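Q: In case you want the letters, here they are:
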Amino acid sequence: MTAVAAPAATTAPTTARPSTGRAFLAILWRDLFVTGKEVWVFLAQVALQPLFMLFIFAKVLNAGGFVSDQYKNLLLPGIVALTAFLTALQTVSFPLIMEFSFTREIEDRLLAPLPTYLVAVEKLTLAIVRAILAAVLMFPIGALVLGGAAFHIGGIPLLALSLVLGSWAGAGIGLMLGTLVPPAKISVLFAVILTPLMFTGATQYPWHSLDSMRWFQIVTLANPLTYLSEAVRGATLPSVPHIAPWICLLLLALSGAVFSAIGIRGFMRRAIN
Amino acid sequence: MSVAVEVRDLVKQYPKRDVNAVDGLSFEVHSGEIFGLLGPNGAGKSTTIGVLTTRVKATGGRASVAGVDVIRDPVGARRMLAVVPQQTNLDRSLTPRQNLTFHAAYHGYPRAERNARAADLLKEFGLEEQADVKVDWYSGGMAQRLMIARAMMHQPAVLFLDEPTTGLDPQSRLFLWERVRELRERGVTVVLTTHDMDEAAEMSDRVGVVDHGKLLALDTPAALTHGLSGQAVLELTVTPGPADEPEKILAALQGVEGVERAERVGAGGPAGLPPGMAGFPGMPGGGGAPMGPPPGAAGGGVTLRLYVRSQPATLLGPVATVLAERGAQLTGVHIGEPSLEDVFINLTGRGLR
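Residue numbers (the working numbering), protein chains in the order written: chain B, 6 to 278; chain D, 459 to 811.
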């Protein structure tokens, strides 16, 4: 008897010899399929919060005379950025926390014939796809609520690139949180992480408007969302003072890389004991 | 005979633990057999299965499944193996049928083939009627069947079943075992962990008993039970004579040729051999002491258990003679073979984990 024998001849022949690429695409297809199946849930998740924020901050407060007409133009790019960022983050973090604990749903994919880290990469990919869908959706919603959405054709490449990189950064943070936060602490995630992220990300105000509040301006620099908001604002409203796009793109790419690396490490720790 | 699973000097130490969860474990599973891995909770079974199914990183040693080194080539190993876990891990965003088809898609099966395989397996596992409902609606038994069907979608060479019948009703359990036997006929190697000793004895071609991360025994269930000292048990219900005492009868029976040991068990106790042939180390409170019945037990009969070396039936004559000489009345006889559970307790002790 040899120590390591070839598979027994009696076993059913494995007809399929899956490549890693096919396994990756199949897993991505599973997530897109489920997104499509629950498209109304997805829409509610991504659209409702921005819809209300636009309505209250730009419409209701404007009607009461508290904010100027100009503000709605400033707010929409920020909301687009916020939506992309949070959609990416939440697409990864919340399901992952559940799938690693209560439902164990991810196990079947962890046993698929592809390197384990690619299952995490798939999560990031899905998050970017969903975040961009959500961001694009914000323009018609903005136009509907505000009666017009500022748009600048020349800014489309910057808009697209910043949304991809910004979603990546959000997804990376989501992966990190999704593998670090135990399910019992899921409410802490909202209070301690999401809320500060939402309000220090230059979404409701251009970064340069904080010149008179230096300390807060510096705080916002620690939030990758700031660079996404500034880049989207720079792409759609070039006349409003904004952080230089190349700085934004560079820091978004850097955040994406760093948080994804930490997230993938966390994922590997959770997936393989 | 080729080797389906090979574990060699396997060591697993979890961080911040002093003791190795798996401590130099070695065993082989032959192709096409049903192999039972037995052991108390925390013995290292799940960790071993975890290493073999690429979910636990080994600290040392080697392990292979269907000839593929699971440590060096986990992706290759995943093509050869399938796992049915103890707790359901079905994809609840998908229907039962989609659970099967997506699993096959992960393993690279083209659409037509995965649909056909899913239809066949749903039928085979009696889930045809409920193939397109919500997975949440499934009972424990149905979920279990679906997970086995899913595991078979990519035609693995080795199937790992973790506590497969825990919490199943008798119908589901019988159905499950039928399917598992069929898989063996088709050449699939099955490795299962279980606490149910009767089941392990009935189902497994061979069993390995593991404790503290080490292999304590490995053989066919019959050989293991055969190897226990005092191969069989003769259980007698006796009404002692007027001036006699059970302890004295025991002493007399001890002298009968072929009797290894005699002890008294609870009067009027169950006729079947209770788990554990008492007297093994590890039991708090001095295991070997015969547990006497309350004085003046109802019916006046006491149950005496003789651990015998030869065929129990051949001792009936001599035993009856001894009893008759003392004026004791023999009112019941039960012949029992030691069970796998006795082997298990003998090897792993009675201490709680």
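Calculated directly from the structure, the hints in this document are not laboratory data. Here the structure is a predicted model, which means the values were calculated and not measured. Do not rely on the hints blindly, as some may be mistaken.
[Unchecked claim] Calculated pairs, SDA-like style, for lysine to any residue (alpha carbon to alpha carbon, straight line, at most 25 Å):
hint, chain 1, residue 1, chain 2, residue 2
1, B, Lys42, D, Arg569
2, D, Lys672, B, Ser24
3, D, Lys474, B, Ser24
4, B, Lys42, D, Lys474
5, D, Lys474, B, Trp34
6, D, Lys592, B, Ser24
7, D, Lys515, B, Lys42
[Stated by the list, open to error] Reference excerpt, derived from the structure (chain B facing chain D, CB under 8 Å, subset only):
hint, residue
8, Glu110
9, Ala117
10, Leu199
11, Thr200
12, Met203
13, Arg275
Backbone N, C-alpha and C define an ideal beta-carbon position, used for all residues, glycine too.
Q: So, for every hint listed, does it hold in this structure?
A: Against the structure, the hints come out as follows:
1. B/Lys42 x D/Arg569: holds, 19 Å
2. D/Lys672 x B/Ser24: Judged against 25 Å, a Cα distance of about 37 Å means the pair is violated.
3. D/Lys474 x B/Ser24: violated, 38 Å
4. B/Lys42 x D/Lys474: violated, 44 Å
5. D/Lys474 x B/Trp34: violated, 39 Å
6. D/Lys592 x B/Ser24: violated, 31 Å
7. D/Lys515 x B/Lys42: Cα-Cα ~36 Å, so violated.
8. Glu110: holds, 5 Å
9. Ala117: holds, 4 Å
10. Leu199: B/Leu199 check fails; min Cβ-Cβ to chain D is 23 Å, beyond 8 Å.
11. Thr200: Nearest chain D Cβ about 28 Å off; hint violated.
12. Met203: violated, 27 Å
13. Arg275: violated, 11 Å
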